[in-house]
Amino acid sequence: MTTTTAPTHETAVPRGSPPRRSGTAPWPVVLVFLLPALLLYALFVIYPIAQSIRFSAYDWNGLTPLTDWVGLQNFRDAFADPIFVQAISHNFIIIALSLLLQIPFAVALAVLLTRNLKGRGVFRTMYFAPFILSEVVTGVVWRQILRPNGLLDVMFGSVGADGLTREWLADPQIALYSLFFVLSWKYFGFHMVLILAGLQLIPTELEEAASIDGASWWQGFRYVTLPLLGPTIRVSVFLSIIGALQQFDLVWVTTEGGPVNSTATMATYLVDSAFRKSQFGYASAVSVIVFLMSLLVALFYQRFVLRRDLEGALTG
Amino acid sequence: MAILAILALVLAACGGGGTGEDEPTTTSGAVTETTAAEAATTTAAAEEPAEEVTIEWWHISNEGAMLDLWQELANEFMEANPGVQINITVNENEAFKTALQTNLQAGDVPDLFQSWGGGGLREQVDAGLVQDITDASSGFIGNLNEGAAGLYQVDGVQYGIPFNLGMVGFWYNKDLFAQADIDAPPATWEELLEDVQALKDAGITPMAVGAGDKWPAHFYYSYLMIREGGEAAMETVTETLDFNTPEFVEAGNQLQRLIDMEPFQAGFLAAPWPGPDGEAGAIGTGQAAMSLMGQWGPGAYAETSGIGTPEDPIAERLPAEFGWFPFPLVEGGAGAATDAFGGGDGIAVGKDAPAEAVAFLEYISAPEQASRIAATGTVLPVTKGVEDSVSDPLQQEVLAGLGQAGFVQLYLDQYFTPELGAAVNDAVATLFAGTATPEQVTQAITDAAG
Chain A
2 MTTTTAPTHE TAVPRGSPPR RSGTAPWPVV LVFLLPALLL YALFVIYPIA
52 QSIRFSAYDW NGLTPLTDWV GLQNFRDAFA DPIFVQAISH NFIIIALSLL
102 LQIPFAVALA VLLTRNLKGR GVFRTMYFAP FILSEVVTGV VWRQILRPNG
152 LLDVMFGSVG ADGLTREWLA DPQIALYSLF FVLSWKYFGF HMVLILAGLQ
202 LIPTELEEAA SIDGASWWQG FRYVTLPLLG PTIRVSVFLS IIGALQQFDL
252 VWVTTEGGPV NSTATMATYL VDSAFRKSQF GYASAVSVIV FLMSLLVALF
302 YQRFVLRRDL EGALTG
Chain B
142 MAILAILALV LAACGGGGTG EDEPTTTSGA VTETTAAEAA TTTAAAEEPA
192 EEVTIEWWHI SNEGAMLDLW QELANEFMEA NPGVQINITV NENEAFKTAL
242 QTNLQAGDVP DLFQSWGGGG LREQVDAGLV QDITDASSGF IGNLNEGAAG
292 LYQVDGVQYG IPFNLGMVGF WYNKDLFAQA DIDAPPATWE ELLEDVQALK
342 DAGITPMAVG AGDKWPAHFY YSYLMIREGG EAAMETVTET LDFNTPEFVE
392 AGNQLQRLID MEPFQAGFLA APWPGPDGEA GAIGTGQAAM SLMGQWGPGA
442 YAETSGIGTP EDPIAERLPA EFGWFPFPLV EGGAGAATDA FGGGDGIAVG
492 KDAPAEAVAF LEYISAPEQA SRIAATGTVL PVTKGVEDSV SDPLQQEVLA
542 GLGQAGFVQL YLDQYFTPEL GAAVNDAVAT LFAGTATPEQ VTQAITDAAG
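Going down the list, the protein sequences come from chains A and B.
The number in this note's numbering is simply the position in the first sequence, starting from 1, with 1 added.
The number in this note's numbering is simply the position in the second sequence, starting from 1, with 141 added.
Just chain A, same shape as in the assembly:
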């Protein structure tokens, strides 16, 4: 059970003033090259965020002048609205299910597909294919499959399993889970490919050494492969969490957050408030909340989970 830890930058480079590397361009040159990108970033990222923050303090229908300043009332209203709180919980249910089901499934498939399997390339392509589909296409297709008397129900019916038919997307009790299935169907291939790439970075000698030492397949996987896969899995988890927090398109196309908000996410709630209810001030407040939540999660994750990877540690 070898654990290799590379020296981190902190030990390699003395703290204080890092020596200026030769070849670094002088500041004016750097600025000239950075400026266009910075301008675009300011115009399309910083400015809209600033505007959202500004709008969030007004009761505003999107059309009239900004006059009705309400301070933090929109934020209080948001957290007092059971539908928004429910929408947040749906985001976290999707995160939890993704981490518990989707990523382990992707790891299992990736491990399976690194072995010398006949038609390995075909399987890899097949499993990755859903990820290439646009979210709208995915949503429309699954909506037809899952609708009453849709493909799935007809399939169940034709093998005599009528008892299994459900109102997959119309029953508020199960719609969220149907939707999670569709989300997983779309994204597991992406995580599988990430992990496949991670697996290929692991030197085969390590696994060979383990098996020579008498480790079973499971022990080899548990104590060699999995720890070395750590960085890849952590990135996968990170992308999964951020994706789930911002989930919008697939949900919107498939259910529009319905029936009766049972599949609403923070983003669908936001769009609904803005475009159907014309509450643009309120929707801006919701967007600020979503932004802050995503930012906090991202910073927290980078600081505490990804730090070792970023610093160059090989295992976790």
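Bear in mind the hints are in silico, worked out from the structure with no lab data behind them.
Small disclaimer: the values here were computed from a predicted structure and weren't measured.
Here are a few chain A residues that face chain B, going by a calculated C-beta distance under 8 Å:
(1) G63
(2) P149
(3) V261
(4) S279
(5) Q280
C-beta atoms are modelled at their ideal positions from N, C-alpha and C, and glycine is treated no differently.
With the hints as your guide, set chain B onto chain A.
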């Protein structure tokens, strides 16, 4: 030459005559091959020096005969007025609302756009996004139904014109009613509930509703509000915005009785109004017997039935013979059986629209054009004197119902502000889903109004 090239492209693209797509499409030329000759003359005329004016027009007739007819009328107008270019953008109803909102906010207002009047129009007026056409339209507005034209007035100022006014009622499949041994459509709410039971007993789905889109569900609740409270209650609530009244709670109770009978198609909570998996599809394929819908109902059922071609009369494209009956009387309620719930479609004029835009509205409102619109069988004209051109027997019934109405209530989700309208729809959807009581529904609407 550039116009020629564009026309050629559009003609090529539209050669298939594809209709009924949900995606927004922009066409600037003719839609069908038959109008190619007209289009060619238009182009020839446009090459003469004339003042170039472009009218951007957004409408929502995204399928059926009206899609073609609007383009035809625009072509005729362009031909008669060299230098005027009408660019049509077609959106599906729900997509239109979102797209329009974005453009309004950016101040990029289409010159002409679909409007239902009411609270939505009032917000646009307050923001200065629509044009006062009181004077410009004074020459022809008198030829239109006053009630309908009034929907497009705010504080006495005209901002658009109606082209369609109808009411909501029950469309029903006569074959399915016969199978359940129902001889006559119900006249009272109790009879309706009995008929629902009779249909269920005969193994027929009594009703289809697109509760996923919410507004089809709000038709039921609104009608019960009107039947329970009558005109007086509707006027009061417009003032007080207090929905916590005994009449409106009772409306919820009556709706609850219907919902408890489980009369709707499978998956109704997620079903939209249009399309094969929507309310229209369930009726158009004969899977359900009744649909509470406006005058555009049969046209949409026919689109999903798969029977005949779009050129055939609507009645021949339906899966069975259809009938119409007004929302039944609720005994003990203050409302009369003739009180109607409905509204229309109209076209609002954007703030920067050229004078030609109003001239175009005058053109389509003239009796000759209005009767062609009526002849599609999906629209009830508002131009006086063309009632006779409504040839479709189903539409004649709606027209008769409207003629008897002493009081017409505009769709609640258009009547109030978008925020309150959405709250009505949302609250009613929770009643359909069984997650709220009638008292919670009125409370939720009142909270949103406060």
